[in-house]
Amino acid sequence: MGSKLCDGRLAHLPLLLLLVLQALLLLCSGERTCPHSCRCEGKIVHCESAGFSDVPENISVGCQGLSLRYNDLHTLLPYQFAHLNQILWLYLDHNQISALDSRAFQGVRRLKELILSSNKISQLHNATFHGVPNLRSLDLSYNKLQMLQPGQFHGLRKLQNLHLRSNGLTNIPIRAFLECRSLEFLDLGYNRLRALTRTTFLGLQRLMELHLEHNQFSRINFFLFPRLANLRGLYLQWNRIRVVNQGLPWSWHTLQKLDLSGNEIQTLDPAVFHCLPNLQILNLESNKLSNVSQEAVSAWISLTSISLAGNVWECGTGICPLVAWLRNFRGTKDTTMICSSPKHLQGEKIMEATRNNGICEETDYFQTETPSPTPDFIETTPDPTPAPTSPPPPLAPPTTLAPLPPPRPQPLPRPTFPSRVGINPRDSPPQAPPSLRSLVVTQPPELELMSFHKVVVGSVALFFSMSLILTVIYVSWRRYPNAARLLQQSSVVGRKRRKKSPEPEQNLSSQLQEYYMSYNPAATPEGLEVLGNGTGSCTCISGSRECENEYTCPRPLPGAWLGDVPTIH
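Using mature numbering (1 follows the signal peptide of the UniProt record, and there is no 0), the letters of the sequence shown correspond one by one to residues -30 to -1, 1 to 539.
Keep in mind the hints are simulated off the structure, nothing from the lab. Beta carbons are placed, not taken as given, at the ideal position from N, Cα and C, and that holds for glycine. Mixed in with the good hints, there may be bad ones.
[To be verified] Lysine to any residue pairs mimicking SDA-like chemistry, simulated, CA-CA at most 20 Å apart:
hint, residue 1, residue 2
1, K90, K128
2, K114, P103
3, K258, V213
4, K128, K114
5, K227, V282
6, K303, N253
7, K128, R80
8, K258, Q236
9, K313, T302
[As the list claims (entries may be wrong)] Simulated DEER-style distance windows between Cβ atoms:
hint, residue 1, residue 2, range
10, E265, S72, 52 to 58 Å
11, F422, Y450, 28 to 34 Å
12, V213, E27, 56 to 62 Å
Modelling step: build the complete structure from the supplied sequences, incorporating the hints.
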C-alpha cells in the first residue's frame, strides 16, 4: 500500500516541476520587459531621449503608459502598437515622424490620450484615428498639416481636447468636427485661416474654449458662433481684424472672456457688446482705437477686467465717455493709457491729461445748491475768469462746485451733458439756513428720459385698457341686445323692490300702536237714541294723533255697561 502511494507521488512530480519552471520563466521574462535605456515604473514605461529610431519590441504586454518623446522616430508602421492592447496613453511628440500608416493605431481601442505634436506630419489619412474611438485628448500641434480630411475625426465622439496649433491650415472642411460632440477645448491658433463658415463648428455644443489667435482674419461676425452655446472663452488676438459686428440680434449668455488684442480695430460696435451680457474679461490692447462711444461703454455692464493700452487715444471730448466709465469702474484696468493726440498732450496719461486740462470737467465735478421745490434745476455761479488761449486747469468756485470723490455709487457712467440752469434767484423761495443746506446732484438726463417714457407708457396702457373695456361692452350690447334689456329691467325691478320694502314695516308699526275710541254720551234720551242708532260724535285717540269727527261708532255688545269704552284691537 505504501509503495503504491509513493509511486503516485512520483508520477505527479514531473508535472509540479514543469509548473515551477514556467513560473520562473515568467519571472525572468517580467524582468526583461523593460527595454534597454528605458525606465519602468510598474505598468508605465519611460523611453525619453534614448535615441530610438524604431519602437522597442520588448515592452510588457500589460503596459498602460508609454512615453517615446525626444527620439528619432520617422515612420509608424501598420499595427505598430497592436501588442499593447492595454495601453491608455501614448506620447510620441518631439520626434521626426513624417509618415503615418492609416492602420498604425489599430488594436489599441483603450487608448485615451495620444500626443503627436512637434513632428513633421504633413498629411493624415482619413481613417487614421478610426481605430481609437475612446480617445479623450489628441494633440497634433506644431506639425506641417495644410489641410484636414472631411472625415478626419469621424467616430471620435468621446474626444474632449483637440490641439491643431501652429500648422499650415488654410481652411476647415465643412462639418469637420460634427462627430466630436464631447469636445470642450479646440485650438486652431497660429495657422493661416482667413474665413469661417456657419458650419465650421457644427456639432460643438459642449465647446468651452476656442483659440483662433494668430491667423489671418480681417473681419469677424458673431453670427458665425450661435451654435457654440456653451463657449466661455474666445481668443482672437493678433489677427488682422478691422471690423467686429453682429449679424443677427441674439444674446451669447455664456461667453465670459473675449481677447481682441493686437488687431486693427478702429471703432467698437455697441451691438456686439449688447449680445454679451455676461462678459467679464475684455482685452482690446494694441488696436487703433481713438475713442469709445457712450453706447459702447454703457454695454459693459458685467466686466471685471479690461485692457485698453497700446491704442491711439485722442484726448479730446470724444474720450470723455470712456474716462467717466473708467473712474466708476472698480475692477482690473490699465493705468498706462497714453494720449496720442493732440500734440501738446502726447505721452501723457489719459486720466491725468483730462483732469489737469479740464477736458471732461462735467464728469470731474458735481454742482451743489440749497434745497428748493424744484430740485431738478441747479443754480450756478458763472466763472468770471475768461478762458485763456491755452486752457489751464479750471478754477472751481468754492460755493457751487466741489470735487467729485473717486468712487461713485452709480453703476452706470454719468453722461457728459451740460448742467441745467435754474430760474432767476429772485423768483425762487427763500433759502434755508446754512446748517440745513445739503448737496443736490443734477438728475442724469437718461433718468429724466426714463421717467418721461414711464409716464407715456403708463398713459398709453391706461388708454388701451379703457378702450378694451368699452369695446367689450359695446360688442356684448350689439351681439346680445335681449340680454342687455333683461339686465336693465331686472335692475329697475330691484330698485322698485328696495323702495317698497319700508312700507310693510310702517304698516306693521301702525298696527302695533294701541289706540282707543272714547265718547261722552249725554244722559238724555237723545243720547240713548244716538247710541241705539249707532251714530254720534266720537273721539279717536291714538298714540300719534287725536281727532274729532263724525264716525260710526260700533254698537255696544249685549250686557255691556253703557259707560264702558269699547277697545278695538
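Outcome of the hint check:
no. : hint                    : result
1   : K90 - K128              : violated, 26 Å
2   : K114 - P103             : violated, 24 Å
3   : K258 - V213             : holds, 11 Å
4   : K128 - K114             : violated, 26 Å
5   : K227 - V282             : violated, 23 Å
6   : K303 - N253             : holds, 10 Å
7   : K128 - R80              : holds, 12 Å
8   : K258 - Q236             : holds, 5 Å
9   : K313 - T302             : violated, 29 Å
10  : E265 - S72: 52 to 58 Å  : holds, 55 Å
11  : F422 - Y450: 28 to 34 Å : violated, 43 Å
12  : V213 - E27: 56 to 62 Å  : holds, 58 Å
Of the numbered hints stated above, those contradicted by the structure are hints 1, 2, 4, 5, 9 and 11, listed in ascending order.
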